[in-house]
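Trainee: Going down the list, the sequences are from chains A and B.
All you need for this note's numbering is the position in the first sequence, starting with 1, plus 651.
All you need for this note's numbering is the position in the second sequence, starting with 1, plus 153.
Watch out, some of these pointers could steer you wrong.
[What the hints assert, rightly or not] Result set (EDC-like, lysine to aspartate or glutamate): computed pairs, CA atoms no more than 20 Å apart in a straight line: (1) A/Lys781 with B/Asp345; (2) B/Lys379 with B/Glu246; (3) A/Lys781 with B/Glu233; (4) B/Lys379 with B/Glu281.
[Claimed, not checked] If you want the ones that stay clear, here's a sample from chain B, every Cβ over 10 Å from chain A, calculated: (5) Leu157; (6) Trp168; (7) Arg172; (8) Val183; (9) Trp250; (10) Glu281; (11) Arg284; (12) Ala374.
Honestly, the hints are just simulated from the structure, not real lab data.
The structure presented is a predicted model; accordingly, all values stated were derived computationally and were not measured.
Note that the Cβ used here is the ideal one computed from N, Cα and C, for glycine as well.
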Amino acid sequence: MSAQQVLFDIPGPKARARHLLYGVLGTLVLLGLLVLVLIRMANRGQFEAAKWTPFLESNTWTFYLLPGLLATLQAAAVAVVLSMVFGIALAMLRMSDLTPVRWASGVFVEFFRAVPVLIMMIFTWQMLVKNPTMVRLMDTLGLTGANATFIAVVTGLVLYNASVICEIVRNGVGSLPGGQREAGLSIGLSSAQVRRSILVPQALTSMLPALISQIVVITKDSALGYIITYPELLSRTRQLGSANANTLAAYLVAAVIFILINYAITKLAEWIEGRQRRKRRGTPGGGATTQDEEQAGQRAVGAALGAQARAGG
Amino acid sequence: MLELIEQFNVLGAFWLNIRLAAVSFVLAMVVGTVVAILRLAPVSVLNWFGATYVTLLRNTPLTLIIVFANLGLWLQLGIEFVPRENNPNFILENNFWLAVLGLTVYHAAFICEAIRSGVNTIPVGQSEAARSIGLGFGQSLREVILPQAFRGGITPIGNVLIALIKNTTVAVAIGNREIAYQMRNMMEFRPDAGILIFLIVAIGFVILTLPVGLGTSWLSAKLAVKR
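Only chain A is shown next, with the shape it has when bound in the complex (with noise of 0.2 Å):
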């Protein structure tokens, strides 16, 4: 019951008056609500040019709010790529035909998808800087203390989505038709190289915007960094805030940046999702199968988004 229009009639005269009404009377609570917020911010002198105008100089930018962007990407793009290579891997093992190695990966998967990112951080960050084996290893290794915040984000991110991803893969592969694997095996594939060349690559295309999604999710936590002092965009936001005294203005300018970034990629994974569909409509040949394919591809989709990225992390 996707389609709007199934909830309510198509409104009439009398009908459409009181919708143009509820439409007003819910944009002027709205606008009450927020003129409320912004009097407030007025008394508190939030308006004050000062707070704002720091915006306009590049050293805003060049020494706080760019070098956290980069920071929060660095730690993103990072936990990424190896969450991919990782969660591809997992989705493999806990595939496999020996038994042992399905149950150690599953315990493995849900048990980092149980707990927090924001605990396996701190746990990494304390162990790489407090534990005195650790300790010994990072001065061998010639770490610092700011690689540890590093490692410890991203060993936290990757943990977790990790796990995620290799739920992702595996909805993808249990998408698929039965034929592809019994077509794989009758050409004398062996059930590894099944899943290997068959029918992982074709998870991983019908799985691209859950996987995307995933992205956001990874985004989101980097920012989780700002408790473990790992120095992203949060953190240096708030350096900002205290050197200017505009602590209200640069949050709501952090938020933004945030929101663009990842309102940016869930675009991108909607349009992925978009060519797909048309994709698979535009096969030729396609009949009743192609559609009832395309079916089981959307309610994998459906289900691995709902799981995960529609949760909140």
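Use these hints to put chain B onto chain A, whose structure you have.
Mentor: Using the frame of chain A, we list chain B on its own:
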């Protein structure tokens, strides 16, 4: 292990996470339902409000929202939830409610989407039938659509609750003394027992989230609308 749990009051710290999750979940359900109704309503301006709320909140990191609640709403705009006078715990209590505020507005966006996916499980015939017996939008929403949407959306709502329970750890960013705070303390004083401490905390979260997952799959099977 037991002495570590007792020495650092692990259970007390987890209790704060549970309280944060419980209060935020109830409030997020209320706000999320309101936003979902906005998104389903026949008024396009209200649709737009709902959609904008979800887009903005879903794309903002929770850490930013919670830190903003503390540094922005409280310290800059002076929004306080508990009386300041004669209250030695003022900062702790206020931070609790600021964290609840942040968790609520963030997860309400996800609850809204979960309810909408519940609405998607309802066959078209249900709302057509509601309209054909003369129910208006509000009536059919109240009597036919939403009750079935909640039942059909139990699994996604349960997923949001699991995410919410895990996300209560972010409240440490504004000084709430919950389990992430306690874990940092513990690892600071007992760096030798790091792995044990991690396992205690991690297993605590498994214990908290596992029943929710099992409970929602049991509930969604039990309450599924028979069709």
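Trainee: So, for every hint listed, does it hold in this structure?
Mentor: Hints versus structure:
Pair hint A/Lys781 plus B/Asp345 holds up; C-alpha atoms about 8 Å apart against a cutoff of 20 Å. A threshold of 20 Å between alpha carbons decides the hint, and for B/Lys379 with B/Glu246 the separation of about 45 Å lies outside it, so the pair is violated. Proposed proximity of A/Lys781 and B/Glu233 is contradicted: the alpha carbons are some 37 Å apart, above 20 Å. For the proposed pair B/Lys379 and B/Glu281, the alpha carbon gap of about 18 Å is at most 20 Å, so the pair holds.
At roughly 14 Å from the closest C-beta of chain A, the C-beta of B/Leu157 stays outside 10 Å, upholding its exclusion from the interface. Against the 10 Å criterion, B/Trp168 stays outside the reach of chain A, whose nearest CB is about 16 Å from its own CB. At roughly 16 Å, the least C-beta separation between B/Arg172 and chain A is larger than 10 Å, which holds for a residue marked as non-interface. At roughly 17 Å, the least C-beta separation between B/Val183 and chain A is larger than 10 Å, which holds for a residue marked as non-interface.
Against the 10 Å criterion, B/Trp250 stays outside the reach of chain A, whose nearest CB is about 18 Å from its own CB. Residue placement check: B/Glu281 does not keep its beta carbon more than 10 Å from all beta carbons of chain A (closest about 7 Å). The Cβ of B/Arg284 does not lie farther than 10 Å from every Cβ of chain A; its closest approach is about 6 Å, which violates its non-interface assignment. Chain A leaves B/Ala374 outside its interface by the beta-carbon criterion, the shortest separation being 16 Å against a cut-off of 10 Å.
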